[in-house]
Amino acid sequence: MSKTIQINEIAILNKETYKKSEIPKTLYYLDTGSLTKNKIESLQEFNTSKDKVPSRAQRKVQINTILYSTVRPNQEHYGIIENEIEDVAVSTGFTTIDVDNENVYPKYLYYMLTQNHLTEYLHSIAQNSVSSYPSISSNDLGSLTFDIPEIEIQKQIAKVLSNIDAKIEVNNKINQELEAMVKTLYDYWFVQFDFPDANGKPYKSSGGKMVFNEELKREIPEGWEVDALSTWIKNDKSGDWGKAEEQGNYINKVSCIRGADLNGLNGKGVVKSPTRFVLEKNSHKLLEIGDFIIEISGGSPTQSTGRMAFITKETLERFENPLICSNFCKAVTLKDEKALYNFAYLWNRLYDADVLFGWEGKTSGIKNLLFESFVTNYQVANPDSIIMEQFYNKAKPIHSQIQTNLKQNQKLSELRDWLLPMLMNGQVRVAHSHTEGNLAKVKQSYKVNTKTDLGRVAEEGETYN
Amino acid sequence: MTKEDINKQPFVTRTKALIDELKAVCASYGLGNDGNEFKIISQIFLYKFLNDKFAYEIKQLKPELANNDHWEAELANMKDSDYNMLQFQLGEATAFLKPHHLIGYLFERQNEPDFAKLVDDTLIDIAVLNNDLFAVKTEDGQKIQLFDRLTEYVSSKRDGFAVALLNKLVIFNFENIMGEGFDFFSTIFEYLIKDYNSDAGGKYAEYYTPHAVSKIIANILVPEPTSNVTIYDPSAGSGTLLMNLAHAIGADKCTVYSQDISQKSSNLLRLNLVLNNLVHSIENVIQGNTMTDPYHKKDNKLRQFDYIVSNPPFKLDFSDDVDTLNKKENKTRFFAGIPNVPKKAKDKMAIYTLFLQHIIHSMRAGTGKAAIVVPTGFITAQSGVDKKIRQKIVDGKMLAGVVSMPSNIFATTGTNVSIVFMDAANKEDVVLIDASNLGTTVKEGKNQKTELIDVEEDQIIDTFTKKEAKDDFSVVVSYEEIKAKNYSLSAGQYFEVKIEYIDITAEEFASKMDSFESNLETLFTESRDLENEIQDNLKSLRYE
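If you read the protein sequences in the order shown, they are chains A and B.
Throughout the first sequence, residue numbering follows numbering that gives the first Met the number 0, covering 0 to 464 in sequence.
Throughout the second sequence, residue numbering follows numbering that gives the first Met the number 0, covering 0 to 543 in sequence.
Hints in this document: simulated from the structure, not taken from any laboratory.
Since this is a predicted model, take the numbers as computed values, not measurements.
The C-beta atom is built at its ideal place from N, Cα and C for all residues, glycine as well.
A few of these clues could be false.
Which residues of chain A face chain B? A few of them, derived with a C-beta cut under 8 Å, are [said to hold, decoys possible]:
#1 Lys166
#2 Ala179
#3 Pro300
#4 Trp417
#5 Pro420
Output of the computed footprint for chain A on chain B, the stretches with three or more beta carbons under 8 Å from beta carbons of chain A [as the list claims (entries may be wrong)]:
#6 372–380
#7 481–491
#8 502–515
#9 532–540
List of simulated lysine-lysine pairs, DSS-like, C-alpha gap at most 30 Å [to be verified]:
#10 Lys538(B) x Lys154(A)
#11 Lys280(A) x Lys342(B)
#12 Lys386(B) x Lys236(A)
#13 Lys466(B) x Lys391(B)
#14 Lys280(A) x Lys343(B)
#15 Lys22(B) x Lys193(B)
#16 Lys314(B) x Lys442(B)
#17 Lys410(A) x Lys182(A)
#18 Lys200(A) x Lys36(A)
#19 Lys538(B) x Lys406(A)
Given these sequences and hints, build the entire structure.
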């Protein structure tokens, strides 16, 4: 039996804030921008006796607290606290929802609140708000009403959805481990020069000859040449933004990778590459396997330009359309395809060390990477090509796996987003719910619909072995 | 607060209060936001200052007047010949006033008919009497007088307006502030012009150069005492940079030269010079276009100066002047060329490059020093006029260094700026400083602004003066190294790349790999279990 509930009646909104006397010595602060679709990007840490804590760091949370940002709902800054966390204050930009009714399962309510059509509804309220930016009030959330089934069914539905979320999360963790593993190998081989020597022993540690290089001001293995980074590069492709609609000669349908999509391409965040139409004669700009995309315009005072992603076969498979990069990026093709992973790890090493901050032309606001200057001036040690190939052979399958997992995550979240509203409105039911298990009424098995998705999940599971 | 501060505080507060009251008078006579308001405020303030300064000096000369409440009447009773003698005894920094020019005299007559006319006539009379010292010249030799007929800027009730102004002037006596120094007067000056110095000022937006920039420039240019020098600003504005530099050298040890296209800034600069005891330099303040008609010349060549400072406009529409600038006689001066006129946005013409070239030619050969504020893009641009200028400065060995400032150091513009220090005598290494990570962000009105604290400014000044290399902050490089890096003046490109890395042993490597493996195994198991669960879940779904 379903019944109608109003959030105000079954939950306490904005239950508790920190009192002055309770503020812990170390306070972790979650602001609205750092939580997107139940993923916490970062917590800011404050030493409350020393640092100035943001005035918005006030609300308390506990297990099962649902957080919903009241600013611009379409940015999807929401989540639910699932693990014990202490000394955390969340922004007053969140409305906190603590369920206090035994007939409502918090995780179910969370999924209820995060349905696309509801986000859109709340966003339209926000756009009509009188404040200077689109926002909703806590009461807009509190006055929402839903029809909900019995608690057991709520739990079953939540399980279906949260298993999918958990799988996405596990894939992300696997990717992190894989990425860290290759990075460790790269550092061991090319930073400390303990790559396998002729006898398979670590080169430097086993007494491999090192010579001091004047230009790099450090020792490098004998026989390695020092040259500008530009000697690795065959050519580059400029970006293209094309048109939003097909028109005239703009007939090539592409997905355009912007600077903001690069992290997502590497699995840290979402890819929202817009579909664009570019001139047919610009087909040579389309991205190919082995190309690097480098952000050349953008950045901020704390983030340099030069974010990078590279294209593998699996990357291309994540998209329906061919890829191109936007005008604020540039694509680079290497002379030696086997240098791919060396270039990638080298570049990221320099980027992470903030080296590129020194190579930016700054006029107003936006910064431009002085790419040509950088690569022609920046000297690097060119590894022995055999070692480079060995590294390529090790890194390649791991990166294929990473991209495959990202593609699977893409499919899984599509599946979840497709199922979510149907589970919520009762169009789709979980059959072993013993309360209403009227199997005779089943018109269609869900499995038939999603055979391809499901098949993929199963298939790709195999490759882990 | 030190004792000195406590003594000073009331003067600052009271002087500011006077300025506020004068502005209130203008507002109540309908001049709020009127273009003429600033003329009235600045000129009436100047009149008050000159009046009180005259009183102060006279009392120094004739101590018997100091405690006489009726000293003005006493003066009026002097014989003409004796009175005129006073003029020669007064310092040249003081305007010479007749007894009937004094505020006290006017105040007595405030109820007479045509009082406004009396005030205007008096001001003009003062201006004419002191024209030699106090007039600013235009490029074609016209003289801009000290005062205008101020009450004519209001359309009705002129007498009432004049009375209201006069009544404000008598409340607070400036004689006590005459002993104050540079900091006091720069504070007052800034307060006086703050409402008239915004970028809403029209074509020549006279940005007030921030304290940090002027302090850093003055201290780096003049690290030790010097005397009898000339200082010059080809785009002086209200003169913040010049005043700071003159203060660092000593007002009595330097002569100031300037040129600026804006009449308003020339007037402000004059006021600034008067306040800062630099009256002897007013004759060198020229209103005119420095690029097309540089005024300061010697033997038909550009005059050369010991010190040059400039915060030139970065972008302005100079398209009408391109033909003049391209003339043969300008070929040497603008050796690197005239910046392009962008077709779609003429006002985006990068004219700071013209000022830079002009300054290079105005530096005293062999010894001249200069500091110019430029957009940071200048220090790395790979082609065009910018690059040619950098080549000239580096190949000609006339660079001292560059300081790249934090973004938003000017509240009114988001453009990142750097300060280029030139030194014709420096044949050794050059200091490049990246100060872009210093400072704290504050909000000023709607804008974000970055402010440096004293310690940070001193850090920049010390590092520069001592030519120190500090990690991720400064480098000391040779002219050859700069040439090799394509003439880039960006410190970041010379920083040594230090990436933290600690070597690990073969065993440590193996154990790290083991832990990746076992972590992955756990995750893969978890992943498979989830896959099974998901598949079971999906099988159990029924469509109704």
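Okay, the hints, checked on the actual structure:
no., hint, in the structure
1, Lys166, "holds, 4 Å"
2, Ala179, "holds, 7 Å"
3, Pro300, "holds, 6 Å"
4, Trp417, "violated, 11 Å"
5, Pro420, "violated, 13 Å"
6, 372–380, "holds (count 5)"
7, 481–491, "holds (count 6)"
8, 502–515, "holds (count 8)"
9, 532–540, "holds (count 8)"
10, Lys538(B) x Lys154(A), "holds, 17 Å"
11, Lys280(A) x Lys342(B), "holds, 28 Å"
12, Lys386(B) x Lys236(A), "holds, 26 Å"
13, Lys466(B) x Lys391(B), "holds, 22 Å"
14, Lys280(A) x Lys343(B), "holds, 27 Å"
15, Lys22(B) x Lys193(B), "holds, 12 Å"
16, Lys314(B) x Lys442(B), "holds, 25 Å"
17, Lys410(A) x Lys182(A), "holds, 27 Å"
18, Lys200(A) x Lys36(A), "violated, 47 Å"
19, Lys538(B) x Lys406(A), "holds, 22 Å"
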